[in-house]
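Visitor: The primary structure of each chain is shown beneath.
Number of protein chains: 2
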Amino acid sequence: MGKGTLYIVSAPSGAGKSSLISAMLETNPTYAMKVSVSHTTRGMRPGEQDGVHYHFVQKEHFEDLIGKKEFLEYAEVFGNYYGTSRVWIEENLEKGIDVFLDIDWQGARQIREQMPLARSVFILPPSNGELERRLNARGQDSDTVIAKRMAEAKAEISHYDEYDYVIINDDFDAALMDFKAIIRAERLKQDKQAAKYKGMLNALLAE
Amino acid sequence: MGKGTLYIVSAPSGAGKSSLISAMLETNPTYAMKVSVSHTTRGMRPGEQDGVHYHFVQKEHFEDLIGKKEFLEYAEVFGNYYGTSRVWIEENLEKGIDVFLDIDWQGARQIREQMPLARSVFILPPSNGELERRLNARGQDSDTVIAKRMAEAKAEISHYDEYDYVIINDDFDAALMDFKAIIRAERLKQDKQAAKYKGMLNALLAE
Chain A
202 MGKGTLYIVS
212 APSGAGKSSL
222 ISAMLETNPT
232 YAMKVSVSHT
242 TRGMRPGEQD
252 GVHYHFVQKE
262 HFEDLIGKKE
272 FLEYAEVFGN
282 YYGTSRVWIE
292 ENLEKGIDVF
302 LDIDWQGARQ
312 IREQMPLARS
322 VFILPPSNGE
332 LERRLNARGQ
342 DSDTVIAKRM
352 AEAKAEISHY
362 DEYDYVIIND
372 DFDAALMDFK
382 AIIRAERLKQ
392 DKQAAKYKGM
402 LNALLAE
Chain B
202 MGKGTLYIVS
212 APSGAGKSSL
222 ISAMLETNPT
232 YAMKVSVSHT
242 TRGMRPGEQD
252 GVHYHFVQKE
262 HFEDLIGKKE
272 FLEYAEVFGN
282 YYGTSRVWIE
292 ENLEKGIDVF
302 LDIDWQGARQ
312 IREQMPLARS
322 VFILPPSNGE
332 LERRLNARGQ
342 DSDTVIAKRM
352 AEAKAEISHY
362 DEYDYVIIND
372 DFDAALMDFK
382 AIIRAERLKQ
392 DKQAAKYKGM
402 LNALLAE
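Each protein sequence line maps, in turn, to chains A and B. The numbering used here puts the first residue of the first sequence at 202, with every later residue one more than the last. The numbering used here puts the first residue of the second sequence at 202, with every later residue one more than the last.
Take these hints with a grain of salt, some might be off.
Claimed, not checked - For the chain B half of the interface with chain A, some residues (derived, Cβ under 7 Å), not all of them:
| hint | residue |
| --- | --- |
| 1 | Leu-226 |
| 2 | Ala-382 |
| 3 | Ile-383 |
| 4 | Leu-389 |
| 5 | Gln-391 |
Said to hold, decoys possible - Cβ-to-Cβ under 8 Å is the rule here; a few derived chain B residues that face chain A:
| hint | residue |
| --- | --- |
| 6 | Val-258 |
| 7 | Val-278 |
| 8 | Ser-328 |
| 9 | Met-351 |
| 10 | Lys-355 |
| 11 | Tyr-364 |
| 12 | Leu-377 |
| 13 | Asp-379 |
| 14 | Lys-390 |
| 15 | Tyr-398 |
| 16 | Met-401 |
| 17 | Asn-403 |
| 18 | Ala-404 |
Honestly, the hints are just simulated from the structure, not real lab data. Ideal placement from N, C-alpha and C gives every residue a C-beta, glycine not left out.
With the rest of the complex left out, here is chain A (with noise of 0.2 Å):
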């Protein structure tokens, strides 16, 4: 069996990125993948799951992580810690399962340098108008917090050329399609293929 492929995933806030994973997991059933799961140190909000959305962590816990060298990256927000596990993607790739893994272009720079083979995917909104209108619609921020993710946006998408591949998310059904294609092809790459169908490819080539 070969290796499974970490993807890179990164957006500005209300490009749907989250949906787009989501929707990858729940309708690929034959695909072993999964979403890697940050460690925190903030608080837990309203309708999250420890281990599901973070593993929530105290800070202490946190820094003797750091400390053992068990995160591919971390960063420190508002006083809060958040990192990625190297060895939980890690086991998960031996298994030959992708993993997904959320994260901004800063995060995505420290990764790309530590996992050379990961194939990185931008998602982008069709426009400024539209990814306003959906944040907006969210009904959970304030006008000020609307303009900061605006402002944050714009820093975010000016970075999506550094990634392996970009996908329009105007059209949610045709974004997933997109993005299911890229998972399916890497599949087909040559090495993945070969790793995959050794014993049916030495039948092929035998004397």
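We have chain A; now place chain B onto it with these hints.
Guide: The following block gives chain B in isolation, referenced to the frame of chain A:
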């Protein structure tokens, strides 16, 4: 608009390469795609059409084109020339059209050297037994010819690892979906998307 991609497609005889390319063109009307039509000096066979299966030309004309360096590659097989027109391919790629080039591993090597942005796909049969069954089912070749084709198939298959992608054509519909996923994913590569959505990206990043 972005440039098209040149796809080098190789397979042993009987793996289903021509059927896959035909089905791809028929079921993808929204994509601009063409099959490269080779030049040849061999005689036309029953059912063949000039300009569709080959550009049938006289030996003197072919040698004139060789002199003008109009071929990306050419070969002499059993006294007949076969060649791939560089000019025709480059004109189509420039228009944003994807071009499929059905060629053996030797030709593929020559094309790769001259067209480094080309992507290559190798199509494998699931087993030698199935390959032999498909060659027999054509009903147009003698046992001797089939034995020779099986030996040639093994030689061709031994070069599968020089290709970017490998498709196993066991179930035709699944193989076609694989092929389509590759084309779709390649069109989502960052440089292709940046060229296609230049205006949209400028608007997203405008101050």
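Visitor: Evaluate each hint against the coordinates.
Guide: Do the hints match the structure? See the list:
1. Taking 7 Å as the C-beta cut-off, the interface hint given for B:Leu-226 is violated, the closest approach to chain A being about 18 Å.
2. For the restraint placing B:Ala-382 at the interface with chain A, the shortest Cβ-Cβ distance is roughly 4 Å, inside the 7 Å limit, so the hint holds.
3. Interface restraint check: B:Ile-383 against chain A, minimum CB-CB distance 5 Å, threshold 7 Å, status holds.
4. Taking 7 Å as the C-beta cut-off, the interface hint given for B:Leu-389 holds, the closest approach to chain A being about 5 Å.
5. At its closest, the beta carbon of B:Gln-391 sits 5 Å from a beta carbon of chain A; the interface hint therefore holds under the 7 Å criterion.
6. The closest approach between the C-beta of B:Val-258 and any C-beta of chain A is roughly 35 Å, which is over the 8 Å cut-off, so the hint fails.
7. At about 24 Å, the closest approach between the beta carbon of B:Val-278 and any beta carbon in chain A exceeds 8 Å, and the interface hint on this residue is violated.
8. The interface hint given for B:Ser-328 holds, since its Cβ lies 6 Å from the closest Cβ of chain A, which is under the 8 Å cut-off.
9. The criterion of a C-beta within 8 Å of any C-beta in chain A is not met by B:Met-351, whose closest approach is roughly 11 Å, and the hint is violated.
10. At about 6 Å, the closest approach between the beta carbon of B:Lys-355 and any beta carbon in chain A falls short of 8 Å, and the interface hint on this residue holds.
11. At its closest, the beta carbon of B:Tyr-364 sits 6 Å from a beta carbon of chain A; the interface hint therefore holds under the 8 Å criterion.
12. At its closest, the beta carbon of B:Leu-377 sits 12 Å from a beta carbon of chain A; the interface hint therefore is violated under the 8 Å criterion.
13. Taken as an interface hint, B:Asp-379 checks out: its beta carbon lies about 6 Å from the nearest beta carbon of chain A, inside 8 Å.
14. Against a cut-off of 8 Å between C-beta atoms, the interface hint on B:Lys-390 holds, since the closest Cβ of chain A lies about 6 Å away.
15. With a least beta-carbon distance of about 6 Å to chain A, the hint placing B:Tyr-398 at the interface is held under the 8 Å criterion.
16. Interface restraint check: B:Met-401 against chain A, minimum CB-CB distance 7 Å, threshold 8 Å, status holds.
17. Nearest Cβ of chain A to the Cβ of B:Asn-403: about 11 Å, over the 8 Å cut. The hint is violated.
18. At a threshold of 8 Å, the smallest CB-CB gap from B:Ala-404 to chain A is about 6 Å, leaving the interface hint in force.
The structure does not agree with the numbered hints 1, 6, 7, 9, 12, 17 stated previously, though it agrees with the rest.
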